[in-house]
Amino acid sequence: MKHKKIRSMYFVRIDNGEKIMESLRNFLEKENIRCGFFTGIGAISHCTTKFYSQEKKEYIESNFHGEYEITSLTGNISTLDGKPFIHAHIAFFDSDMKSFGGHLDEAVVGATCEIFLKDAESEIKRKMDKGLRLNLMDL
Amino acid sequence: MKHKKIRSMYFVRIDNGEKIMESLRNFLEKENIRCGFFTGIGAISHCTTKFYSQEKKEYIESNFHGEYEITSLTGNISTLDGKPFIHAHIAFFDSDMKSFGGHLDEAVVGATCEIFLKDAESEIKRKMDKGLRLNLMDL
Amino acid sequence: MKHKKIRSMYFVRIDNGEKIMESLRNFLEKENIRCGFFTGIGAISHCTTKFYSQEKKEYIESNFHGEYEITSLTGNISTLDGKPFIHAHIAFFDSDMKSFGGHLDEAVVGATCEIFLKDAESEIKRKMDKGLRLNLMDL
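Residue numbers (this note's numbering), protein chains in the order written: chain A, 1 to 139; chain B, 1001 to 1139; chain C, 2001 to 2139.
Just so you know, the hints here were simulated from the structure itself, not pulled from any lab data. For clarity, every value in this text was computed on a predicted model and none was experimentally measured. Ideal Cβ placement from N, Cα and C applies to all residues, glycine included. Among these hints, one or two may not hold up.
To be verified - Just so you have them, the derived chain C footprint on chain B, three or more residues with Cβ under 8 angstroms:
(1) 1033–1040
(2) 1045–1053
(3) 1082–1089
(4) 1095–1105
(5) 1114–1128
Let's have the full structure, built from the sequences with the hints guiding it.
Structural data, given as structure tokens:
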């Protein structure tokens, strides 16, 4: 993983075989980014998405292995228990134009993943909502 | 719906059961935002999309009810007849990885919807294009 | 194609029948934009996507003709051999809610395409990675 900082913006390249969420988390900690948003494109070889069922109040996990193009990776950065927290959703396609997507748990980059990230240079904390059993942005 | 303003950026949280477009419209009016862009993620329980047929010069409406994850909500803000106007498209998935999407008419949030919005602190007006029968950005 | 510049941000409108990539390339050259990111929505009538197979180290081309709504157009701007270079991925839907997407080679606008583009006012160069046979961001 490499990045270039331009004022409060970052261009991030996550490389073949690297994990997107793990790489981003390490990067956010090193750069001390606590609030922001990002969009990304690229390709992945493995992905775990989670679908949050409101009815069951739990995540349903799906696992994917193959060659996929990311059509959209969209996320925000806040903090949970004092540490940078990433909330990201992803949509991706295989070569047969079948699409997949949801809440991104983790994905392994195939070829390259390019992310534009804006550091809002502030902090938004997350707090557990007991009714939803989700960590919501505490605005 | 809650928000935090950081300089010209907004982090917006639309809550369970609230309407995305209606909430955003009220928010834009209160904050006097007349030009900008936004991206969002989250979940929805109801959605109405419209597909604009160029051939027929009309919108085809589709309605969805269930549990869906938003993989991308992308939109811009301009003005129409002096009021803030939102143009947004949405893509969403159900738990069977079936995807849906199009021009967003309205959606009801399930659990939470998190939007990053940049106020461009300017104004772009929309004007009816008689040939297309669409309100285009008057640039 | 028309645009409005607001400080380092651009709102771009690509018109019915115009090519998205060709229009953007001309625009970037004229405005001398060498680094940035963009998101867009709108509709298209033709599209060529490319799926990069890591295994085969080549792109598989797909062509589409019809009426489609763009749910997400996400891209970044860097330079290759001294000229502005666009890397964009697109997701789009037909009226039957069938979705398509991938690396955007070219698309023809149907009705309108609206793009928000942020000029990072810097430069990121691309360099051929011989192993991947891809022009990666040189960060």
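Verification of the hints:
Counting residues of the stretch 1033–1040 of chain B whose CB lies closer than 8 angstroms to any CB of chain C gives 3, which reaches the minimum of 3, so the coverage claim holds. Using a Cβ-Cβ cut-off of 8 angstroms, 3 residues of the stretch 1045–1053 of chain B lie near chain C, which meets the minimum of three, so the contact claim holds. Coverage of a stretch by a chain is defined here by at least three residues with a beta carbon nearer than 8 angstroms to that chain's beta carbons; for the stretch 1082–1089 of chain B and chain C the count is 3, and the condition holds. Counting residues of the stretch 1095–1105 of chain B whose CB lies closer than 8 angstroms to any CB of chain C gives 5, which reaches the minimum of 3, so the coverage claim holds.
Only when three residues or more bring their CB closer than 8 angstroms to a CB of chain C does the claim for the stretch 1114–1128 of chain B stand; here the count is 5, and the claim holds.
This entry satisfies every hint, going by the numbered hints stated previously.
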